Each structure stands twice: as C-alpha cells, then as structure tokens.
Amino acid sequence: MLPNLKTLYMYWDCYRGDELDACTSHKFSVLRDLILGGCLPKVIRFEEGSTAMLEMLHLDFDFRSGHVAERSIVGIEHLTNLKKVMLNCRGNYHALVNPVLEQMKAENDRRSNQFDIAVKYW
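For the sequence shown, our numbering assigns the number 35 to the initial residue and increments by one for each residue that follows.
In case anyone wonders, no lab produced these hints; they're calculated from the structure.
Keep in mind the model is a prediction, meaning the values are calculated, not measured.
Careful: at least some of the hints might be erroneous.
To be verified - Label pairs and their in silico Cβ distance ranges:
1) 59 x 126: 33 to 43 angstroms
2) 147 x 126: 13 to 23 angstroms
3) 82 x 128: 13 to 23 angstroms
As the list claims (entries may be wrong) - Heads up, simulated DSS-like pairs for lysine-lysine below, C-alpha to C-alpha not over 25 angstroms straight-line:
4) 118 x 76
5) 61 x 76
6) 117 x 76
7) 61 x 118
We treat Cβ as the ideally placed atom computed from N, Cα and C, and that holds for glycine.
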C-alpha cells in the first residue's frame, strides 16, 4: 500500500500478462500521474475509486509494444479528475496508437469535464 504515491512510472518489464488493473483492492488514492511504456499490456483497466485523483495518463508505444495487435483502456470513465492524456509513438507503430487515440476522443466527447489529448510521433 502506497497511499501517498503521486507519480507511478512503469516501463519495460514492470508488468507481465495481458492486463494491468488499477482496482479498489490496490487503491492509489492520491496518484496524479501514471506513466506506462515498453511492453504495454493488451488491457489497462481502472476500477471506480482506484485512482480518483489521476490527472495525467501517459502511454509510450514503441517496438516493445508491438507484441499486441489491439489495446484497450477499460474504465476510463472512472478517471473523473483526468486533465491530460499523452500518447507517444516512437517509430512506425501508428497502428498501435490510433485505436487508443480514438477511444480517448470518444470518451472526451462524452464528458462534460473534458481532458487534453496530445499525440507525439517520433
């Protein structure tokens, strides 16, 4: 339990498997920034109340992300304090970023308190 954690940076081999879950049994109550990169899982799941203060979600896509053809973020609607989503694409992996970008745009259109979406291709 890390109740005062404000930034979580997970990269390369910090997680394994098809899903990364932020659930209420592993609550990050004051987490403000979540940075994920490297071997991104197929599903990133946020349960209601697990990351209530999250303001910035940063996803890095590169050659380590290519092992999964499709990705989704489940529970993005539970990130009610979200202010910015940053998607970085290093190399020719636009096909990995585009579905997540479309999902973020759809969620943003649904909300009254919208967040900024930035995409960087290098």
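Comparing the hints with the structure gives:
no., hint, verdict
1, 59 x 126: 33 to 43 angstroms, "holds, 39 angstroms"
2, 147 x 126: 13 to 23 angstroms, "violated, 34 angstroms"
3, 82 x 128: 13 to 23 angstroms, "violated, 32 angstroms"
4, 118 x 76, "holds, 21 angstroms"
5, 61 x 76, "holds, 21 angstroms"
6, 117 x 76, "holds, 23 angstroms"
7, 61 x 118, "holds, 21 angstroms"
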